[in-house]
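> Since the structure of chain A is already known, use the hints to place chain B on it.
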Amino acid sequence: MCEAYGRTPLLALIGVLTFVVAISPNLSLAADLPDFSGAWESETWSTVGWPTEPPYTSAGRLAQQAYEADPQDDPTQNCLSPALVLHISAPFPHEIIQQEHRVTFLYESFHQVRRVWLDERDHPEDAYPTLMGHSIGWWEGDTLVVDTRNVEAGHMRPQGLPHTEGLHVIERYTLLDGGERKQLVITLDDPAYYREPWSVTKTYARFNENILDYDCVPRLHVPGE
Amino acid sequence: MSCRIFQVTMTLWLGVSVPAFAHHSFLAHYDEDTSTRIEGVVTEVWYQNPHARVYVEVTNSDGETEIWETETYPRNILIRRGWRHDDLSVGDDVAVTGRQARDGGNRLQIITIIRPSDGWEGVGFSVDSID
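Protein chains in written order, with the numbering used here: chain A, 240 to 464; chain B, -12 to 118.
Okay, chain A solo, but in the shape it has when bound (with noise of 0.2 Å):
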């Protein structure tokens, strides 16, 4: 009894050493990949970029315009979260987690988590779209590139810029100015409402204040009540 008590820490030694060894590879980065860890906040205002008049297909300017017809359609005013654009474009800071076989974004908008998989898997075939979709990634020398598809129906701006389960999401992330500025080079193409894919460019810089909650609260309200 006494001698099993005593190795209890030379096993646990043995456990800790086990595991860390286990996880290692997916905390380290090579050293030579750009390192996007840590907070970010866009460095212009939410609307910048963004077209007013993208090459819509007809049914997507029609789709566009029974939004533009009922002001409600817009799902964050009832603190429904938006699909995965509206979060890029959101004028909110994120995070990121980077390791080897993934990125994480964690987007202050609506809580929302994202997982970008590095680890050459393709996208699945019996997916159903989700509101971030599913992100593969991968790099192009110093660009990180991320490709999303399987994201549901939305709108990418809360003016509209509406878009079908098909639409495919690519972004390219680079590191400007020794690391303290990023780059994004969103590509969205999304053939049943647009004729021909789109791009928008942001910078980031990086963001020294805390990610904050987003508690949210319904527009039921009525005046005193």
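Be a bit skeptical, because a hint or two may be false.
[Unchecked claim] So, partial list: chain B residues that the calculated Cβ filter (under 8 Å) puts toward chain A:
#1 VAL29
#2 GLN35
#3 ASN36
#4 PRO37
#5 ILE64
#6 THR99
#7 ARG102
#8 TRP107
It should be emphasised that the hints constitute simulated quantities derived from the structure, not laboratory data.
Beta carbons are placed, not taken as given, at the ideal position from N, Cα and C, and that holds for glycine.
Chain B alone, transformed into the frame defined by chain A:
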């Protein structure tokens, strides 16, 4: 009477072209070509996402009191721009200018919000904002 305030409303037809697309989260609800000013007493403060709101009791030109809903940025943006959660309280006298609701209701998108007693200024939208 808790509300000794008068209301002044003016509409400015700015004579500028409407943006190529006039539908926005805010501009779907508020008319960017108007500027309305109210003065009154704060009855409720909703310091929240997705948009913060301040309710103001106003006495209109007929001597009747009415509640106005005034709306500004999300709470998280107010925090970062210096409007603290306890800066404004129920009972404070405020003056608000903003864009009026397109449906004619007593609602404003805040351009400026001021508490004259101490000069405190909240955070509203810039006049040329298209949000």
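> Now tell me if each hint is right for this structure.
Here's how the hints hold up against the structure:
Interface restraint check for VAL29/B: the shortest CB-CB distance to chain A comes to about 12 Å, outside 8 Å, so the restraint is violated. Interface hint at GLN35/B: satisfied, since its Cβ lies 4 Å from the closest Cβ of chain A, which is below the 8 Å cut-off. About 5 Å separates the beta-carbon of ASN36/B from the nearest beta-carbon of chain A, less than 8 Å, and the hint is met. For PRO37/B, the interface hint holds, the least distance from its beta-carbon to any beta-carbon of chain A being 5 Å, beneath 8 Å.
Nearest Cβ of chain A to the Cβ of ILE64/B: about 6 Å, under the 8 Å cut. The hint holds. Checking THR99/B against chain A by beta carbon gives a least distance of about 18 Å; that is not within 8 Å, so the hint is violated. Restraint check, ARG102/B versus chain A: the minimum CB separation of about 20 Å is more than 8 Å; hint violated. Interface hint status for TRP107/B: violated, as the beta-carbon distance to the closest one in chain A is roughly 22 Å, over 8 Å.
When each numbered hint is compared with the structure, violations occur for hints 1, 6, 7, 8.
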